[in-house]
Structures are given as C-alpha cells and as structure tokens.
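Chain residues, written in single-letter form:
There are 2 protein chains.
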Amino acid sequence: MRNNQMKKIRLAGLTALVILLHSCSVNSRKQSANAIEKGIFPKGALGPSTTFTGKAWNTGLVPHDSVYTTVIGNVYFEPGARSNWHSHPSGQILIITDGVGYHQIKGQPRQTLRKGDVIKCPPNTLHWHGASEEVGLQQMYILPNTDKGIVQWLNPVSDEEYKGLK
Amino acid sequence: MRNNQMKKIRLAGLTALVILLHSCSVNSRKQSANAIEKGIFPKGALGPSTTFTGKAWNTGLVPHDSVYTTVIGNVYFEPGARSNWHSHPSGQILIITDGVGYHQIKGQPRQTLRKGDVIKCPPNTLHWHGASEEVGLQQMYILPNTDKGIVQWLNPVSDEEYKGLK
Chain A
6 MRNNQMKKIR
16 LAGLTALVIL
26 LHSCSVNSRK
36 QSANAIEKGI
46 FPKGALGPST
56 TFTGKAWNTG
66 LVPHDSVYTT
76 VIGNVYFEPG
86 ARSNWHSHPS
96 GQILIITDGV
106 GYHQIKGQPR
116 QTLRKGDVIK
126 CPPNTLHWHG
136 ASEEVGLQQM
146 YILPNTDKGI
156 VQWLNPVSDE
166 EYKGLK
Chain B
6 MRNNQMKKIR
16 LAGLTALVIL
26 LHSCSVNSRK
36 QSANAIEKGI
46 FPKGALGPST
56 TFTGKAWNTG
66 LVPHDSVYTT
76 VIGNVYFEPG
86 ARSNWHSHPS
96 GQILIITDGV
106 GYHQIKGQPR
116 QTLRKGDVIK
126 CPPNTLHWHG
136 ASEEVGLQQM
146 YILPNTDKGI
156 VQWLNPVSDE
166 EYKGLK
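Protein sequence lines, in the order shown, are assigned to chains A and B. The first sequence maps to residues 6 to 171 in this note's numbering. The second sequence maps to residues 6 to 171 in this note's numbering.
Do not rely on the hints blindly, as some may be mistaken.
Because identical chains share one entry, a pair is satisfied inside a single copy or across any pair of copies.
[What the hints assert, rightly or not] List time: in silico SDA-like cross-link candidates among lysine to any residue, alpha-carbon distance up to 25 angstroms: (1) Lys168 with Thr56; (2) Lys120 with Ser37; (3) Lys60 with His91; (4) Lys120 with Arg15; (5) Lys111 with Ser71; (6) Lys43 with Leu66; (7) Lys43 with Ile124; (8) Lys120 with Asp70; (9) Lys153 with Thr74; (10) Lys168 with Asp152; (11) Lys171 with Ser137; (12) Lys111 with Leu66; (13) Lys168 with Val140.
Everything labelled a hint here was simulated from the structure, so no lab data went into it.
Required output: the full structure, derived from the provided sequences and hints.
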C-alpha cells in the first residue's frame with residue numbers, strides 16, 4: 006500500500022515534469038516567432054499593396070538629405086510577403102537581422118537570406134526581396150548616393166517567381 | 006504517519022519548484038548578457054589599443070568600393086570599452102542593435118545609446134562611442150561617400166570624459 010502510494014506520487018511528479026518541459030518548448034517556439042516580429046526597431050507602417058504582396062511593415066531610420074545622401078530603414082516581412090520587382094539608381098545593401106527570406110536579382114537564382122547576411126544589389130538592377138513562406142524576415146536596407154534617386158517600382162513577383170521556379 | 010509523509014513529499018516538490026524557477030531566472034540573466042555579446046554578426050577582430058580603450062571587436066560587413074562608396078561594419082564594445090576621439094570626412098551613422106552605450110560629439114553632452122537608436126555624426130566632427138560601464142554595446146556603423154576617406158584617429162577618451170564629467 007505504501008509502495009503503491011509512492012509509485013503514484015512519482016508517476017504524478019513525472020507527468021507534471023513532462024507537461025512543464027513540453028510547455029517550455031512550445032513557449033520557446035512562440036517566443037522565437039514573436040521575437041522575429043518584434044525586432045530591433047518599431048514595426049512601422051504597412052507597405053502599400055501597389056508595391057508589396059502580403060504584409061510588409063516599413064520603418065524609416067534615416068531620410069534623404071544632402072549631407073549623408075544615404076537612406077536607411079527596416080522592413081519586417083510577414084511570412085509569404087515580398088516586394089514587387091524594383092531597382093535603385095545607386096544600388097542597395099540589405100542587412101538581415103532576423104528570420105528567413107529570399108532575394109533575387111533578375112536573371113539570377115533566388116538566394117535564401119538568414120540572420121547576419123549582407124546582400125548587395127548593383128545600381129539600376131531589377132530585384133525583389135521578402136520573407137520565406139513559413140518564417141518572417143527582418144531586414145535593414147541602405148541606399149547610398151540618394152542624390153541620384155531612391156527607387157523605381159515595377160510589377161509584382163508572381164507565385165512561380167516567389168517559389169524560385171522561374 | 007501517512008499525513009506526515011505526504012507533507013514531506015509536498016514540501017520536497019515545492020522546494021524543487023522554487024529551485025527550478027530560481028535557476029530559470031539566473032539562466033535568463035546569463036542568456037541576456039551572452040545574447041548581447043553574441044549579436045547578429047561574427048564577433049570579428051579585436052580593435053588595436055592605439056585607437057580603443059578596453060576591448061572592442063570589429064567585423065567589416067561592406068568594404069569601400071567605387072560603386073556603393075559606403076563602408077559598413079559592426080563593433081561589439083565590452084562593458085567599459087570605447088573608441089578614441091576621431092572624425093570621418095563624410096560623417097557617420099550609428100545603429101544600435103543591442104546593449105547600452107554612449108556617444109559624444111565634441112563640445113556636446115554625452116548621449117546614452119540603446120537598442121533601436123540611430124545616431125548621426127556630421128562630416129569632419131570629433132566624436133567617440135562605446136559601451137556603458139556595466140552593459141556591452143552592439144552597434145553598426147555606416148560611413149557614406151567613402152571616396153572622400155574613412156576615418157582620422159585622435160587621442161583616447163579620458164575616464165573623466167567617458168564618465169560624462171567633461
């Protein structure tokens with residue numbers, strides 16, 4: 006009787022531990038997705054559907070001026086979201102601070118982007134960037150020599166192009 | 006006897022829970038300090054003692070070239086570490102990605118820097134930057150128009166200057 010009671014108590018303790026560990030693991034995954042969405046900067050304003058597919062949130066960090074001639078900002082792409090095809094008169098540098106995403110220069114294969122990656126797109130070159138299907142993307146953009154202009158927008162990225170099939 | 010045994014088991018369970026929660030809290034603080042040090046980019050190379058006080062680790066992200074004329078990198082300043090006084094021919098933009106630090110433009114008060122802050126220092130203007138006394142600093146630097154040059158180094162920041170007393 007005493008042994009049975011002890012066994013029951015041990016079983017209950019073990020069950021509680023398993024539940025606790027499972028709950029920690031689920032919370033950890035949720036915190037990870039929330040942390041990507043939270044990012045370093047404010048989430049900013051929703052990008053217009055004329056230039057983005059899905060939800061992309063833009064925060065301007067440095068506006069154009071004649072001293073630095075550099076525009077800097079951050080975009081959080083929700084999973085599946087991406088920019089239209091577009092180009093920059095002086096090119097663009099992307100710095101990935103969290104999450105997973107894609108970048109493609111017209112005529113080249115789609116690249117996968119991860120935290121810490123630094124990507125360049127040369128002047129007047131068509132490209133698009135966005136999040137992966139399952140995980141969002143936090144990316145800073147740096148536009149140099151903005152006295153020559155900022156951006157020229159083109160058509161949306163098709164599902165086929167987004168999936169890297171084209 | 007059975008009640009006493011149950012009480013002992015409950016007390017042991019409660020003690021284990023308190024230890025577990027305390028251990029989680031201590032781990033969380035350790036993870037926080039480690040996370041600041043780990044950062045987004047590789048830690049890089051230790052900055053020379055001729056231009057830094059304390060330990061500052063530099064990773065180059067974008068080198069100078071004639072297309073982007075922009076130099077980008079990341080510095081992790083350990084607590085207490087700071088740059089010498091210096092200036093940049095085309096100015097500098099700092100982006101704080103984690104931790105706590107300071108920035109001072111010559112003749113102006115010392116500013117405190119935190120995650121998400123964006124700081125500009127105009128062309129040919131003396132400044133220094135570094136970590137706070139207790140918490141390290143992760144900061145990206147962006148140098149525009151590097152066809153005009155990169156940096157001019159001067160003397161170390163004194164303890165009095167570092168503490169904001171001067």
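How would you classify lysine 43 and leucine 66 at a CA-CA limit of 25 angstroms: within, between, both, or neither?
-> both (16 angstroms within a copy, 24 angstroms between copies)
State whether the alpha carbon distance between lysine 111 and serine 71 is at most 25 angstroms within one copy, between copies, both, or neither.
-> So lysine 111 and serine 71 pass the 25 angstroms test across copies only (23 angstroms; inside, 31 angstroms).
With identical chains treated as interchangeable, where does the CA-CA distance between lysine 60 and histidine 91 reach 25 angstroms or less: within a copy, between copies, both, or neither?
-> within (17 angstroms within a copy, 42 angstroms between copies)
Given identical chains, is lysine 168 near threonine 56, meaning Cα to Cα at most 25 angstroms, within a copy, between copies, both, or neither?
-> Result: close within a single copy only, 18 angstroms intra versus 48 angstroms inter.
For the identical chains here, do lysine 168 and aspartate 152 meet the 25 angstroms Cα criterion within one copy, between copies, both, or neither?
-> neither (35 angstroms within a copy, 39 angstroms between copies)
For lysine 120 vs serine 37, is the C-alpha pair at or below 25 angstroms within one copy, between two copies, both, or neither?
-> both (13 angstroms within a copy, 18 angstroms between copies)
Within, between, both or neither, where lysine 120 and aspartate 70 count as close if Cα-Cα is 25 angstroms or less | between (29 angstroms within a copy, 24 angstroms between copies)
With 25 angstroms as the alpha-carbon cut-off, assign the pair lysine 111 and leucine 66 to within, between, both or neither.
-> between (28 angstroms within a copy, 24 angstroms between copies)
How would you label the pair lysine 171, serine 137 (within, between, both, or neither) given a Cα cut-off of 25 angstroms?
-> Cα proximity of lysine 171 and serine 137: one copy only (16 angstroms, versus 50 angstroms across).
Evaluate lysine 153 and threonine 74 at a C-alpha cut-off of 25 angstroms and name the case that applies: within, between, both or neither.
-> both (9 angstroms within a copy, 13 angstroms between copies)
Taking 25 angstroms as the upper bound on the Cα-Cα distance, should lysine 43 and isoleucine 124 be classified as within, between, both, or neither?
-> both (22 angstroms within a copy, 21 angstroms between copies)
Between lysine 120 and arginine 15, at a C-alpha cutoff of 25 angstroms, which is it: within one copy, between copies, both, or neither?
-> Result: close neither inside a copy nor across copies, 44 angstroms intra and 46 angstroms inter.
Consistency note: the structure conflicts with the earlier hints numbered 4, 10.
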